[in-house]
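Chains as they are written, first to last, in this note's numbering: chain A, 1 to 197; chain B, 198 to 399.
Be a bit skeptical, because a hint or two may be false.
Claimed, not checked - Capping the alpha-carbon separation at 30 Å, the derived lysine-lysine pairs in DSS-like fashion look like this:
hint, chain 1, residue 1, chain 2, residue 2
1, B, K372, A, K196
2, A, K14, B, K235
3, B, K375, B, K232
4, A, K193, B, K293
5, A, K121, A, K14
6, B, K232, A, K196
7, B, K232, A, K193
8, B, K235, B, K375
9, B, K375, A, K14
10, B, K372, A, K14
11, A, K196, A, K3
FYI, nobody ran anything at the bench for these hints, they're computed from the structure. Everything numeric in this text was worked out from a predicted model, so none of it was measured.
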Amino acid sequence: MKKYFQEFVRGIIKENPTFVLVLGLCPTLAVSTSVRNGIGMGVAATFVLLGSNIIVSLIRNIVPDKIRIPCFIVIIATFVTIAEMMMKAYSPVLDRALGIYVPLIVVNCMVLGRAEAYASKQTVIKSFFDGLGMGVGFTLALILISGIREFLGAGTLLGHSLIKGFHPVFLLGMPPGALLVIGLLLGFFNLLKNRKA
Amino acid sequence: MNAAQFLTIFISAVFVHNVILSRFLGLCSFVAISKETKPALAMSMAVMFVITMSSIITWFIYRFLLVPFGLTYLRTISFILVIATFVQFVEMVVRKTSPALYRLFGIYLPLITVNCAVLGVAVLNVDMFFLDNKAVPGSFYYSLFQGICVGLGYGLAMLLMSGIRERLELCNIPKAMKDFPLAFISASIMSLSFFGFNGFRF
C-alpha cells in the first residue's frame, strides 16, 4: 500500500507537472482567471489522465511499438470527448468559460507524456495512482495560480469578495498577468530548490 | 465577405489575440525553442505551413463529413488524427525530396503534432465560422486567412522572443530566475505591449 501512496504523492510535490516538469502550461495560463475555472479545468484534466493511464496500461502489451503514439492519442481524445460532452450537459457555464481549452487537453503534453513515459511500462494499479497524483498536482497548481490571480486581479476568491475597499490590479486577470505570475512562481520554486541543495 | 472583416481577422490574430501571448497556445515550443534566432525562425516556418494546411483540411472535414452526418461531437478526435497523419506525411515527403529542407525544419515537425496552436486554430475556426452547424458565407476564406494570420503571429512572437533571449544570455541574472522564469516574465512584458492593440476598431 505504501508503494502506491508514494506513486500518488510523487506527482503532487516532487514531480509536480506544472512547477517541476513545466508541462501542459497552455491551459494553466489561459483558464486561471478565477479559482472556479481552475478547479473545473483541473478536474477535467484529472479525469482524462486517469482514464488514459488506465487504458494505456491495460493495452501496453498488445499495441505494436511503432504505432503506439497514434493509439495513445486516440485513447486520450476519446476521454477528452467524454469530458467535453459531460461538461456541456451538466455545466454549460463552465463549458463556455473554458471554451476551446477543453478540447485542447488532447494535446496537453502532460497527458501524452504520462502515457508514454509511465503508463505504457507499468501495471494498471500503479498507473492509476500515478494519474491520480499527477492530476491532483496539476489541480493544486491551477488553484494556486488562479487563487493569486483572482485575489489580486478581482479582489475575490471563488466569487466572494474578501477585503472591503481593495483596489484590484486588473492587469493580473489579463493574459500578461498570467505570464507574470507563472514566471515569478517558477523563480520562487527554483529559489527554494537551490536553498535546499 | 468584405475587406474590413479580413483586416479585423488579421489584427486580431497577429496582435490582439496573438496565439502565444494572449491565447497561450504553443507555449511549450515557445519557451523551449526560442533560445536562438535561427531555430526559432525554422520552427516558425514549419508551424506556419502546418497551421495553414491544417486549417484547410479540417474545414473540409467539418463541412463535408462531420456536419452532414451529425457527427460534430467527433470534432476533437477526428481533427487531431488528421493533423497527426498530415504532419507525419509532410515529414516523410520532406525527408525523401529535400534533405536540405529536412535539416532546416524537419526535426521540428514531429513536435508540431502536439503543438496546441495547430489544433487550437482548427477548433477556433469551427467555433467562429460555423453558426448552428452551418457555414457562414465565405467561411472557408476566413478560416484559411485566420490560419495564415495565426501562423504569422506565432512567427512574430517567436522572433521577438528569441532576439530578447539572445541578449539575456549575456546578462548577469539571479540563478533562480535563469531560463524559464525570466522567459515568462519577458513574455509577460511583450504580452502587455501587444495588449495595446486592443483599442483597434473598424
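Here is what the structure says about each hint:
no.	hint	verdict
1	K372/B / K196/A	holds, 14 Å
2	K14/A / K235/B	violated, 35 Å
3	K375/B / K232/B	holds, 12 Å
4	K193/A / K293/B	violated, 46 Å
5	K121/A / K14/A	holds, 20 Å
6	K232/B / K196/A	holds, 28 Å
7	K232/B / K193/A	holds, 24 Å
8	K235/B / K375/B	holds, 21 Å
9	K375/B / K14/A	holds, 20 Å
10	K372/B / K14/A	holds, 20 Å
11	K196/A / K3/A	holds, 25 Å
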